[in-house]
Amino acid sequence: MNDAAVGRIDWNDPSIAKIRRDMLRFAQLQLRDAGAAEDMVQEALFSAMKYEASFAGRSALKTWMFSILRNKIVDHIRKSSREIAGADLVAGSAEDGDDFDALFDERGHWNPEDRPPTWADPESSLSQQQFWEVFDACLDRLPPKTSRVFMMREFLDLDTDEICAELGISTSNCWVILHRARAGLRMCLDRDWFGQEDAPC
Amino acid sequence: MLSCKEVNRLCSEEQDRKLSLTERINLRMHLAICKACTNFRDQMRFLRSATRRYREGQRGPAED
Ligand SMILES: [Zn+2]
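Protein chains in written order, with this note's numbering: chain A, 1 to 201; chain B, 1001 to 1064.
Calculated directly from the structure, the hints in this document are not laboratory data.
The beta-carbon is built from N, C-alpha and C at its ideal position, and this holds for glycine as well.
Be aware that one or more of the hints could be misleading.
Taking lysine to aspartate or glutamate pairs in the EDC-like style, the calculated list, with each CA pair at most 16 Å apart, reads [as the list claims (entries may be wrong)]:
hint : chain 1 : residue 1 : chain 2 : residue 2
1    : B       : K1005     : A       : D114
2    : A       : K62       : A       : D13
3    : A       : K62       : B       : E1056
Output of the computed footprint for chain A on chain B, the stretches with three or more beta carbons under 8 Å from beta carbons of chain A [what the hints assert, rightly or not]:
hint : region
4    : 1004–1015
5    : 1019–1033
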């Protein structure tokens, strides 16, 4: 037995506690249930420790741990998604359905003031802490059910067929909700982040 | 010719399903002459790369 190969990850390192906090925040965002989120993170950490040997070091440790967490959350959602009423979801999203129609004239062209401007070097925003704070705030501003579908698609990486099966909505409905979510996020980021770029510092 | 509104829908849906050949051609023709929709599409793609970073826990400055 080669003990040196075991325990390459120091689970008591402060960086692990920080990853754990980030995992918890991610899980809470997905589940909106503090208890369930705590459980998921705990399970993910146990799995990570148990299967430590399978961590090949090809990706960052944090990325690897997040992928374990994501799988746990997906399993949890598959088991419990029937609790979310599909009809409720459809009704909820219809309420705020016409917001985006107002961006276009009657022929379906952008109103001059609503045309998306060019964003300067958006990729560089991804490494700025303040950008992610704005991003979180914009996510929060989406209607809860719209944001739920969006997160299942983007953060849990489920395909639309699975999402609509889980939630009992039609695929086309799912596309509409996702479009609404993305357009809403885009507008929010444009207003609260990229629109600020010209401001003197 | 597609309207900007229809193009918006396709720019989101192309992230969730494979567009038909006709849709792709119509989209391309519209984007060639419409800067606002081109920006919209770039921004949809940017959102995808942001959510990818997010779900890998890689928010904020590079840590490792
Ligand atoms: Zn256009």
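Each hint tested on the structure:
1. Note on K1005/B and D114/A: the hinted pairing holds, with a Cα-Cα distance of about 12 Å set against a maximum of 16 Å.
2. A hinted pair counts as satisfied when its Cα atoms are at most 16 Å apart, and K62/A with D13/A qualifies at roughly 13 Å.
3. In summary, the hint linking K62/A to E1056/B is supported, as the alpha carbons are separated by about 7 Å, within the 16 Å threshold.
4. Interface restraint, the region 1004–1015 of chain B with chain A: holds (8 residues with C-beta to C-beta distance below 8 Å; minimum three).
5. Closer than 8 Å: that is the beta-carbon criterion, and the region 1019–1033 of chain B has 0 residues meeting it against chain A, so the requirement of 3 is violated.
Hint 5 from the list above is the single one not met by this structure.
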